[in-house]
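Colleague: Produce the complete structure using the sequences and hints provided.
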Amino acid sequence: MSEPVVSVRGVELAFSGVKALQGVDFDVFDNELFAVIGPNGAGKTSIFNVLSGVYRPQQGSVEFAGTDIRGMRPHQIANLGMARTFQNIELFENLDVVDNLMLGRHAHLGYGWAAAVAWFGKAKRAEVANRRRVEEIIDFLEIEGYRQLPVGMLPYGIQKRIELGRALAMEPKLLLLDEPVAGMNGEETEDMARFILDIRNELRIPMILVEHDMGLVMDLADRVMAMDFGKPVATGTPHEVQSHPDVIRAYLGPVDEATLAEVQGELA
Amino acid sequence: ALVLTGCRSGGDEESSAGPGITEEACPDAVNKDNGCIYLGVISDLTKGPFAPLAVPITEAQKAFWNKVNEDGGVGGYDVNIEKYIADAEYNPEIHNKKYQEMRNDILALGQTLGSSQTLAILEDMKADNVIGVPASWNSAWDFEDQIMQSGASYCFEAMNGVDWAVQERGVKQKVLAIHYPNDYGGDAAAGVEAAAKANNLDFASVETATGQDNQAGAVAAVLKQKPDLLYITTGPAEMATILGGAAAQGWKGTVVGSSPTWNPALLKTEAAPALQAMYFQAGPWGPWGTDSPGHDAMRKALADVESPSDGYTAGWVWEYPLLAALKSAADMDGGVTRENVVKAASELESVDYEGMLPDESFNKNGEPNEVAWRQSVISKVDPKAPTGVSITKEMAAGPTAEGYDYTEPCFALQG
Amino acid sequence: MTTLLRTTPSTRGRKSTGVRGRPLLRTSYDQDLTLANTGAKRRGVVALVIASFVVPFLLTDDLLQVLALGMISAVGAIGLNLVTGYAGQVSLGHAFFIGVGAYTGAVLGGDPDGAMLGYGLPMWIWLPAAGVVAAVAGLIVGPLAVRLRGLYLAIVTLGLVFLGDHIFREARTITGGPGVGRRGAELELFGIDFASMEPISGLTRGQAQFFLALAFLIVFAILGRNIARSGVGRAFGAVRDRDVAAAVIGVDLTKYKVMAFAMSSFFAGVTGALYYAVIGVFEPGAFSLLLSIQYLAMVLIGGVATISGSIMGALFIALLPRISQFIAHYVPEGLLTVFQLEAILYGLLIMGFLIFEPRGLFGIWTRIRNYWKGWPFSY
Amino acid sequence: MTTFLQSVLNGFAQGSIYALLALGYVMIYKATHVISFAQPALMVCGGLFAYHATSEWGMSFWPALIVAVLLGALLGMLVERLALRPMVGKPVFTLAIITIGVDIVLRILANRYMGPDPRSVPYPSGSQRLEFWGLSISQQRLGLIVVTAVTVAALALFFRYAKTGLAMRATALNQETALAQGIRVGTMFALAWAIAGGLAAIAGTFVAATGAGMEQNTWIIALKALPAIIIGGLDSIPGAVIGGLAVGLVESITAVFQPDVAPWLGNNFALVAPYALMFLVLLVKPYGLFGTKEVERV
Amino acid sequence: MLTVKNLEVVYNDVILVLRGVSLTVPEGQIVALLGANGAGKTTLLRALSGLLDIHDGAITKGEVRLRDTPIQGYDAPKIVAAGLGQVLEGRRVFSEFTVEENLRVGGHTRRGGLAEGIEEVYELFPVLKERRKNTAGYLSGGEQQMLAMGRALVAQPEILLLDEPSLGLAPRIVGQIKDIIVQINERGTTVLLVEQNATMALSIAQHGYVMEHGKIVMDRPAAELLDDEDIRDFYLGRGDLATSYRDIKHYKRRKRWLS
Ligand SMILES: Nc1ncnc2c1ncn2[C@@H]1O[C@H](COP(=O)(O)OP(=O)(O)OP(=O)(O)O)[C@@H](O)[C@H]1O
Ligand SMILES: Nc1ncnc2c1ncn2[C@@H]1O[C@H](COP(=O)(O)OP(=O)(O)OP(=O)(O)O)[C@@H](O)[C@H]1O
Ligand SMILES: [Mg+2]
Ligand SMILES: [Mg+2]
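Residue numbers (the working numbering), protein chains in the order written: chain A, 5 to 272; chain B, 2 to 416; chain C, 7 to 385; chain D, 606 to 903; chain E, 1058 to 1316.
Derived from the structure by calculation, the hints contain no laboratory data.
Heads up, a few of these hints could be off.
[Unchecked claim] Among chain B residues calculated to face chain D with C-beta under 10 Å, some are:
{"no.": "1", "residue": "P53"}
{"no.": "2", "residue": "L54"}
{"no.": "3", "residue": "A210"}
{"no.": "4", "residue": "G218"}
{"no.": "5", "residue": "E239"}
{"no.": "6", "residue": "T242"}
{"no.": "7", "residue": "K328"}
{"no.": "8", "residue": "A331"}
Glycine included, every Cβ here is placed at the ideal spot set by N, Cα and C.
Modeller: What follows is the structure in structure tokens.
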């Protein structure tokens, strides 16, 4: 494979007493769908927060698109091309769908406050052009019907989709998805899976996926990293990781050798 | 009905005699056959800092004109000062708005309270030919034709207070002026300074803010400077706090305050003993309990007032010049009109104050240096007097005031 | 996350006005983005413009002055709405910025021969300059907003009002000091003296000032609207609703918070300069906590994060003393004097309004609009 | 040196008033996340209750204080019930503006009662002063400090040990979730307002007992507690006390020394010194000295 | 026993969300309520526990009875006092409180034995014990979900309404939650379980309802629902794990019982 898009080395993150991340290393390559799994509190979201600059790790290095981004502020990292969705929906709930998506295009607007105040000319042209891109995303995610509604009143599943749309609107070089199908029923999960596949195949954006739905992870991911207590316990293809004893322990709790073999057998 | 009367309709509001005066009788008129003169009041009646004073002032002015009406009115008119009363909360902006509301309906302003407030409407008053009675004793008004002030200004009052203290209380070394940083305090402080210079006293001044809780600096200044005379121009509560605080920490001396520093209710507070021992008041005329025909008339007219205060006295006295101007306008060609009232006011050389002030104390006909009134009285604390103070030195001007070269206001209001 | 202006933190979704508008057909994004983007809105604007030209010939000068001042303060309210309504940074310091503007205007445009400092510059200089100086003050304060949240920020900005009051009281050559005050700037534009008592080409002073204020409001309302509908306004909304998420999608929080303060202060500055030029004389006490609160009331009563709401709110607050005066005269005097009644009614009306219509005048307006949109079919 | 110590002592006494008022703000904030601008009016009313009890009902100081506290608490509850309860769940700044309306209404009524005269409540030992080490303090100031200390201790214990204290804070954090735990949100609000009303009444009574008593402009004192609560941290009881005392001290010391030490700061800088202190504290601690940090994670 | 008859709920006076919902939760049972996003499940729970008005919602028709007492007029604290507890959707921990304070607030209505109640929760979720002094808002998503569940358990309600308790939990914890529900049910607590994880819900429920656009469209024993083809298709996704997500080539057409 070529140069990694993201390369994380020896990241350590602690909060007064809690070690959220310890010695985390991984790379994500072009056009790869990289999944992170692990029990609750393992540190998955913390990895996302480190990547997007919300948390500043005490140790280690994070390289993204050839830049060392450790210590950079979130908006700077975003402008380098990193986009994400959140575990708890973080939409701008008083704004309508179009505005939420337009905000995804904030870095692409390319006009400043003076042009904004004057409006006619540059600002207006930029708004129209970017609005066109947003409409494409609206089509892509099939949310035409909700365009002008404030997102706060939309059903949960739709909100998740809009959040994905907002991230896509950024035209990212890397997309981070934090539990995109939590709280969705089977059919909605399938829809989301389809979107993820389309993003991968048509838009060719590399992704990191955090998800508890093992079926989805194992089906979609190219590589998986399993974590426990802030540490990666195994990284590899879905199949490799799935049968790793530490992973099974992390997911099922302490098991004896016999059950372990049994589970491994079942999985194989 | 004021919102509704905002319509531009012309017609009935402008009567034959000009704005603020009608041939029709006043609402609830005393003399049904008289026409009606409307006077406006823009005061501080609810939330503003001077509400405690302004309410009695306004009450007294209502009583004053009611008595005028009972005596037959002026030149065939009753005078109404009740219909156009506005509360401006001591705010120039609201003052201006209120004036705009009443400007076509009044003949003159029976009261306009506050200096910057009055300044905010002065140009319009001039354009409208409206004269006004201020609710203050500011030296700046001695230089304004359309403002009719009674008694000596704060500035002369302060000079007289200091001169008196030097003569009667043995003040020899140092005088400290504690004052509000405004037209009132500033005017008085200028007078204190002039008198200190004339009497060869050390002079210092401290600006203080409103609020009892904000007097720590003033108290500290008294304790540090140890003046033998303290001249205060603040509100009553502030004065009591300063005096009480300084006395409690061992300061002894004489305190003279302008009349707005006094409220008889202070005698019920913990500062009472200190007040009795040290406080004197410099005032433009005798307090409520003074014996004069005017005072008698006032006390009779305001018989059912619960707690008398010298706010009433002031409100009452201030109206005499306006009455005099109306009377003399009534005798002019064209009778009572705004123009004639303005003219009459500027030509007045004396006013019948019914003994509350000497008649010659009001004189607008000449340079202020010649005609401005410079005499005041000194009162002492007297728990038996209705307003807690009674005269200790009758109306007189001290040497400083006598010799003062009065070519400009002691304290410049902006021009 | 600041929840000061949003509902209390209780819902995942937020309540909203609900009724869905009918899908209105647009043929281009361009149309979608224009100011009056529906037929109804366009008709409304035309009606408003006509009304504005008729009103001055129907009302007396004193009411026109109230309306003119209301329109001028509407610009300040739009400014406050930008920082507080749109960007969610609650400011109790608006009075300070208004004061900075008022004194800048008065100094630059004031009488050079008066008792206070004055340079006698023309209005087209002093008016924008007042805005710029206030905006610079806003730039200095802005960074505080980055560190502080919610009510902490609110009280800190309140501190500005007190510090400002101190400075205004002490800078006597500029302000005249308490109880004295100074004159505002000369109100003269294109050779027309708007403060003159003489009729100005057939118009009374009240009418002339009304038109001046109207023009001023229209210009700044459009500027405000431009900010609101552009990327800047959206970024404000993002910062308000969820600042972490905003940063993660590329919105520079510091930059936009500071920008919100600067822009809002600019509006406050021009308002201050013009308002007190019309009033004539003003003193430092004018820029007190009470003024800040009045502006906050305009924003809340008008409707948070709407330009037209700010205007309605400002006019409402401007007319409120008249309204309470009107009602007070119908209540028999008894325990309270008519003035005390008036003052109490002022308080009660503000309370009553917010209790019964927490979404503000704009909310009422939306409801009426939605009703008519659906007419004769109701949902 | 004595001057300094004396000004510290004076500041401490004045600071006790601010501390009581600050506690009132903090109580309401703790239960509702609203800053109540009605506190000044509650203070004035509380002082007047005590005045009425002493001058009309002939009570002596301490019983009158208790009456004032009870009536103050009742008034607080009444205000909450009539003006604030209908607004449960509405944006807190709307509520803050409503409290301003309440303040206007109550203060006008209080002014109506007061009239032009200052109203003072006689303190048992009059203006007697206690002298020690060259310092002096009046009896009622001493009484104030003691009462403040007792009140603070009582409140602190209440919040520490009574489950109502926790429930009140929970209500402020999230009304719906609190309701779902069976917490009577309305009762919590009423309780907070009652306590705030009672605290304001204590402050008001002592204000009326010192200096020239309670008059129409005295309400302004209550605004001094605003920097105090920020310095201490909006939701902290010890913070309110320390903030209140700090404001009192800074004010008193500045008033005495600034005119000589730093005259360039202008006249009456003491009035804004608390705000200057507030800025300084916030530069270091954005949530005041003891305020709870807002939790935010994604 | 909780019965709902013909319930109609409106938000903001205009948005009709529940259109005549009737259902019964018999004493001592576990009843599952399924439905797509936005079907109105949470709204129904709000209506039951008196939390509608905080969302500007109101019951406009119908009846809710708890053991024969109509409770639709009650406010939330009164309903909680009557023994109805709820785990709100989306965790909703008191983020500025510590874990332990959250649990103590949960026991607000409990009479005595608070310490033991909290200790029991710690036994169920050892992570919470480790984090007892930590600020709840900083917990991970799943930890917060456990806390929300624990908080409801401290109150020992007779009837417990659970709104998506498994949301965001790792499979192992989902299993644990499932066991806990069964456990408390065996101790006598009646449970109404709203879940997207239909397999889990139906595997422990006796009865199930399916809600669609504010109406109950299916009302059957859980076992039957588990076998229903439409339900499998819609809620359980790819039927019996036969196909991979990768093989989904088109978006499914929504199967609606109503449309
Ligand atoms: N800002 C913070 N302050 C304190 N502790 C934190 C903070 N952020 C995360 N933690 C702790 O770090 C650990 C990892 O949290 P993280 O959110 O990364 O978990 P996760 O793997 O995403 O779990 P889940 O699947 O439950 O979402 C948790 O124990 C959490 O309590
Ligand atoms: N406060 C509110 N105001 C207006 N509409 C609302 C409100 N809350 C919910 N709705 C609407 O009511 C409908 C039902 O919402 P509800 O939250 O009950 O669905 P749900 O079945 O719980 O969905 P989910 O699985 O996403 O949690 C949705 O269309 C939603 O948009
Ligand atoms: Mg997570
Ligand atoms: Mg739900």
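Colleague: Can B/L54 be said to touch chain D, with a Cβ gap under 10 Å?
Modeller: 7 Å, holds
Colleague: The hint names B/A331 as touching chain D; please verify it with the least Cβ-Cβ distance against 10 Å.
Modeller: This hint is violated: B/A331 lies away from chain D, its Cβ roughly 35 Å from the closest one there, beyond 10 Å.
Colleague: Does B/A210 pass the interface hint, meaning its C-beta sits closer than 10 Å to a C-beta of chain D?
Modeller: Cβ of B/A210 sits 5 Å from chain D, so the hint holds.
Colleague: Tell me if B/T242 is really an interface residue toward chain D, meaning its C-beta lies closer than 10 Å to one of theirs.
Modeller: 4 Å, holds
Colleague: Hold the hint about B/E239 up to the distance rule: shortest CB distance to chain D must be less than 10 Å.
Modeller: Where the cut-off is 10 Å and the nearest Cβ of chain D is about 8 Å from B/E239, the hint holds.
Colleague: With chain D as the partner, please determine if B/G218 meets the hint condition of a C-beta pair closer than 10 Å.
Modeller: Since the shortest Cβ distance to chain D is 4 Å, the answer is holds.
Colleague: Taking the closest Cβ pair, is B/K328 under 10 Å from chain D?
Modeller: Status violated, d = 32 Å.
Colleague: Given B/P53 was flagged as interface, is its beta-carbon under 10 Å from a beta-carbon of chain D?
Modeller: 3 Å, holds
When the structure is compared with the earlier hints, violations turn up for hints 7, 8 and for no others.
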